[in-house]
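A.B. asks: Chains as they are written, first to last, in this note's numbering: chain A, 31 to 165; chain B, 25 to 343.
If a hint is listed, it holds; no wrong ones were tucked in.
Sample of chain B residues facing chain A (criterion: CB under 10 Å; computed from the structure): (1) Glu44; (2) Ser115; (3) Gly119; (4) Ile122; (5) Arg126.
Just a few of them, taken from the derived set where beta-carbon distance is under 10 Å, the chain B residues facing chain A: (6) Glu55; (7) Phe117; (8) Thr118; (9) Gly134.
Read the hints as simulated data drawn from the structure, not as lab findings. Here a beta-carbon is modelled for each residue, glycine too, at the ideal position from N, C-alpha and C.
The chain contents come next:
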Amino acid sequence: MKRKLKILVSKIGLDGHDRGAKVVARSLRDAGFEVIYLGIHQTPEMVVNAAVQEDVDVIGLSHLSGAHKTLFPRTLQLLKEKGREDILVMGGGIIPEEDKSELLKLGIVKLFGPGTLTQDIISYLKELEKEKYLT
Amino acid sequence: MLTKSNSLDQLIQQTLEGREVSLSRLITLIENESSEASLILKTLYPHRKKSYRIGITGPPGGGKSTLVDRLALLAREQGFKVGIVCVDPTSPFTGGAILGDRIRMSKSSGDPDIFIRSMAARGSLGGMARTTEQVTEILEASGKDLILIETVGVGQSELDIYQTVDTVVVVLVPESGTGVQAMKAGLMEIAHIFVVNKADRPGASRIKQEIEDVLGLAPQQEWYPPVFLAQAYRGIGAKEIFEGCLNHKTFLENRKKSDYTLKKIEKKLRDLILEKMEKEVFQRDRAKENLICYSKKILEGVLDPYTAAEEWVEQIRKQ
Numbered sequence: 031m032k033r034k035l036k037i038l039v040s041k042i043g044l045d046g047h048d049r050g051a052k053v054v055a056r057s058l059r060d061a062g063f064e065v066i067y068l069g070i071h072q073t074p075e076m077v078v079n080a081a082v083q084e085d086v087d088v089i090g091l092s093h094l095s096g097a098h099k100t101l102f103p104r105t106l107q108l109l110k111e112k113g114r115e116d117i118l119v120m121g122g123g124i125i126p127e128e129d130k131s132e133l134l135k136l137g138i139v140k141l142f143g144p145g146t147l148t149q150d151i152i153s154y155l156k157e158l159e160k161e162k163y164l165t
Numbered sequence: 025m026l027t028k029s030n031s032l033d034q035l036i037q038q039t040l041e042g043r044e045v046s047l048s049r050l051i052t053l054i055e056n057e058s059s060e061a062s063l064i065l066k067t068l069y070p071h072r073k074k075s076y077r078i079g080i081t082g083p084p085g086g087g088k089s090t091l092v093d094r095l096a097l098l099a100r101e102q103g104f105k106v107g108i109v110c111v112d113p114t115s116p117f118t119g120g121a122i123l124g125d126r127i128r129m130s131k132s133s134g135d136p137d138i139f140i141r142s143m144a145a146r147g148s149l150g151g152m153a154r155t156t157e158q159v160t161e162i163l164e165a166s167g168k169d170l171i172l173i174e175t176v177g178v179g180q181s182e183l184d185i186y187q188t189v190d191t192v193v194v195v196l197v198p199e200s201g202t203g204v205q206a207m208k209a210g211l212m213e214i215a216h217i218f219v220v221n222k223a224d225r226p227g228a229s230r231i232k233q234e235i236e237d238v239l240g241l242a243p244q245q246e247w248y249p250p251v252f253l254a255q256a257y258r259g260i261g262a263k264e265i266f267e268g269c270l271n272h273k274t275f276l277e278n279r280k281k282s283d284y285t286l287k288k289i290e291k292k293l294r295d296l297i298l299e300k301m302e303k304e305v306f307q308r309d310r311a312k313e314n315l316i317c318y319s320k321k322i323l324e325g326v327l328d329p330y331t332a333a334e335e336w337v338e339q340i341r342k343q
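Just need the whole structure built from these sequences, with the hints factored in.
C.D. replies: Shown next as structure tokens:
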């Protein structure tokens with residue numbers, strides 16, 4: 031059965047800078063993915079609730095205002111509580127270098143910073159897709 | 025994806041118990057038309073509790089999702105367990121989709137007894153995905169007794185919703201045109217309830233009046249579709265619309281409905297058979313070669329498409 035990744039893209043926390051998230055959502059659509067777009071001001075609870083109901087493969091969180099060290103781990107924890115730690119979480123936005131390794135260690139699979147090409151994100155996801163559904 | 029710890033039997037059992045995580049995984053298997061789909065549907069069919077289904081349709085940007093959000097909350101107040109399926113279009117060029125209906129459903133999306141699922145239309149042109157109705161059956165089996173289906177934004181003739189739900193709500197806006205539009209066949213015929221949303225804009229009462237006038241031109245009928253003014257994002261009019269839906273539900277329950285229900289089952293069976301036949305024809309050996317071969321001949325002007333189709337069907341008959 032041919033299957034594509036289903037991806038949830040959301041802003042999280044108190045941060046209205048949604049242009050980046052929209053650019054990513056749009057370019058993923060153009061790459062042929064189905065994208066659930068949740069918009070701004072989402073809590074980890076709202077994101078995880080949607081991810082579980084939609085049975086997505088990947089969550090992409092965007093955050094630019096400094097609360098990533100609270101919001102990203104909380105999202106991972108809630109996924110675990112729901113028994114869906116198989117849903118991969120990646121992040122983007124303004125994440126300082128010194129925070130990155132900590133978040134990656136906690137289980138965020140990938141962090142994309144400013145200047146990332148959408149093509150890089152797409153390639154990364156296509157690779158995940160291959161691993162998950164073609165093996 | 026299925027793993028050993030999550031066998032199909034377990035997923036089905038947990039779905040029947042109303043467990044959301046399993047329900048959503050089963051829906052994925054149905055939506056992707058996986059090899060397990062038919063077994064899942066067969067197993068769950070006898071367990072369905074007959075739900076009340078409302079379809080919300082109308083042009084893009086009219087406020088369907090916002091209204092669904094409001095109706096879901098009102099349904100919860102009356103003790104219904106609510107399933108929502110919202111369909112958005114798939115790109116004909118890339119196969120990708122942005123599913124954005126949840127953004128407008130923030131009020132209802134945290135309620136543990138409201139389950140929302142977005143679906144991409146995946147090439148289906150009737151306003152829903154091909155598997156949307158099957159997904160509603162899974163929701164019913166998991167204990168949802170009120171199901172809201174939101175179609176993609178439609179034009180005049182995406183009417184599949186009519187076959188799938190009990191009550192069709194057509195959501196329009198004051199700019200939706202004059203009464204002449206309401207006289208046309210298609211979308212305006214399938215409504216059991218009309219909503220003129222964004223009614224704070226000019227022209228709302230005028231279009232309400234015109235729709236009512238046109239409905240009055242119809243011969244005597246059992247159900248007269250009411251027309252409601254609403255401002256869904258403020259919640260204005262939602263209560264009246266939901267009551268209108270429940271009135272229609274009562275109307276359906278009171279009339280002799282066996283003919284109608286039987287017709288729906290006939291249609292469903294017909295569709296299933298057609299779908300199977302289509303697969304049967306096009307998944308045969310050499311079907312693809314045949315298709316290319318005939319298409320080339322038509323392009324070269326050696327053959328016309330009508331003769332080609334007849335020849336092909338004749339070949340199948342002989343086999």
